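Student: All chains, full assembly: derive it from the sequences and hints.
In this text, residue positions in the sequence shown follow the numbering used here: the first is 5, and each later residue adds one.
Everything labelled a hint here was simulated from the structure, so no lab data went into it.
Quick caveat, the model's predicted, so the values are computed rather than measured.
Ideal placement from N, C-alpha and C gives every residue a C-beta, glycine not left out.
A portion of the hints provided could be inaccurate.
Unchecked claim - Label-pair distances were calculated between CB atoms; the ranges are:
(1) 177 / 217: 39 to 47 Å
(2) 88 / 129: 38 to 46 Å
(3) 212 / 117: 56 to 64 Å
(4) 33 / 117: 17 to 25 Å
(5) 105 / 211: 38 to 46 Å
(6) 51 / 75: 18 to 26 Å
(7) 108 / 67: 21 to 29 Å
(8) 104 / 150: 39 to 47 Å
(9) 166 / 201: 31 to 39 Å
(10) 210 / 177: 41 to 49 Å
(11) 208 / 188: 32 to 40 Å
(12) 157 / 51: 41 to 49 Å
(13) 210 / 140: 57 to 65 Å
Claimed, not checked - BS3-like, lysine-lysine: derived pairs with alpha carbons at most 27 Å apart:
(14) 138 / 176
(15) 154 / 138
(16) 7 / 71
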Amino acid sequence: MAKKYFRYVPNFDYVSRLPGAKNISDYLQTKNLFRRGEIRPDIFNDLSYFTKYKVVGDERPDNVAYKLYEDENLDWVIMLSNNIINPENEWPLSQKSFDNYLLNKYGSYENVYSAHHYETKEIRNSSNRVMLQKGLRVPQDFSFSYYDYKRGVEVTEVGITDTISNYEYENKIQDERRNIFVLKPFYLNIIINDLENEMPYPSGSSQYKNSMVVEGQNIRLYG
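Tutor: Dropping the structure here:
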């Protein structure tokens, strides 16, 4: 079984600022969140190492990791594969969280389903050539004119917009987040070994205590 991500992250001895600290040399040990793992570029930028996946329902990264790798602790592989730093903002919301988000943002169900913007419908000429593509954001009263050579007339199209509600707009964002890439299981050991090798601290620094701990400079000792 792979370790949870933060088991790989080394520690940092930070000078204690707690009111109860008795000595100026007291330290607190925390995880060094500035030391972030990543998938090396030669793999991350090569789609042959990955496959497309669509997040289903309320699936979380750990659910996807268990489904694909039979180990929920590999949720960090799912997030690194998609360069996700903050799942709350970059992972699709659960249905309950999505409903709460909509009400908090728009204030009422009436506002949730009111117009957010307007988009064009597809327009084709008599030769079946696309003159105006679907999905362009335009004003509600947008009109479009073109010359139809087959008919030999100037054509002006009106009433050619679709209303996109706030719900549809926000739901589209969530759907886009559902389309992710996942690392193929065959390459898991490469990523795990890379993380194990890149996370520990190199020796030689005056702050070095061991491969998993460095000590911050205590400026209070020199004040």
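Student: If I claimed the Cβ atoms of residue 210 and residue 140 lie 57 to 65 Å apart, would that claim hold in this structure?
Tutor: holds, 59 Å
Student: Between residue 88 and residue 129, does the C-beta distance stay in 38 to 46 Å?
Tutor: Cβ of residue 88 to Cβ of residue 129: about 44 Å, so the range 38 to 46 Å holds.
Student: Just to be sure I understand the hint, the distance between the Cβ atoms of residue 51 and residue 75 should be within 18 to 26 Å; is that true here?
Tutor: holds, 23 Å
Student: Residue 108 and residue 67, beta-carbon distance inside 21 to 29 Å?
Tutor: For residue 67 against residue 108, whose Cβ atoms are near 25 Å apart, the range 21 to 29 Å holds.
Student: Is 17 to 25 Å a correct range for the gap between the Cβ atoms of residue 33 and residue 117?
Tutor: violated, 51 Å
Student: Tell me if the beta carbons of residue 105 and residue 211 are separated by a distance inside 38 to 46 Å.
Tutor: holds, 42 Å
Student: Regarding residue 166 and residue 201, is the given constraint of 31 to 39 Å on their beta-carbon distance met?
Tutor: violated, 52 Å
Student: Given a hint of 41 to 49 Å, does the C-beta separation of residue 210 and residue 177 actually sit inside it?
Tutor: Since residue 210 and residue 177 have Cβ atoms about 48 Å apart, the given range 41 to 49 Å holds.
Student: Given a hinted range of 41 to 49 Å, is it respected by the beta-carbon distance of residue 157 and residue 51?
Tutor: holds, 47 Å
Student: Are the Cα positions of residue 7 and residue 71 separated by 27 Å at most?
Tutor: holds, 17 Å
Student: State, for the Cβ atoms of residue 208 and residue 188, whether the hinted interval 32 to 40 Å holds or is violated.
Tutor: holds, 37 Å
Student: At the C-beta level, are residue 177 and residue 217 separated by a distance inside 39 to 47 Å?
Tutor: With Cβ atoms ~41 Å apart, the hint holds.
Consistency with the previously given hints fails for numbers 4, 9, ordered from lowest to highest.
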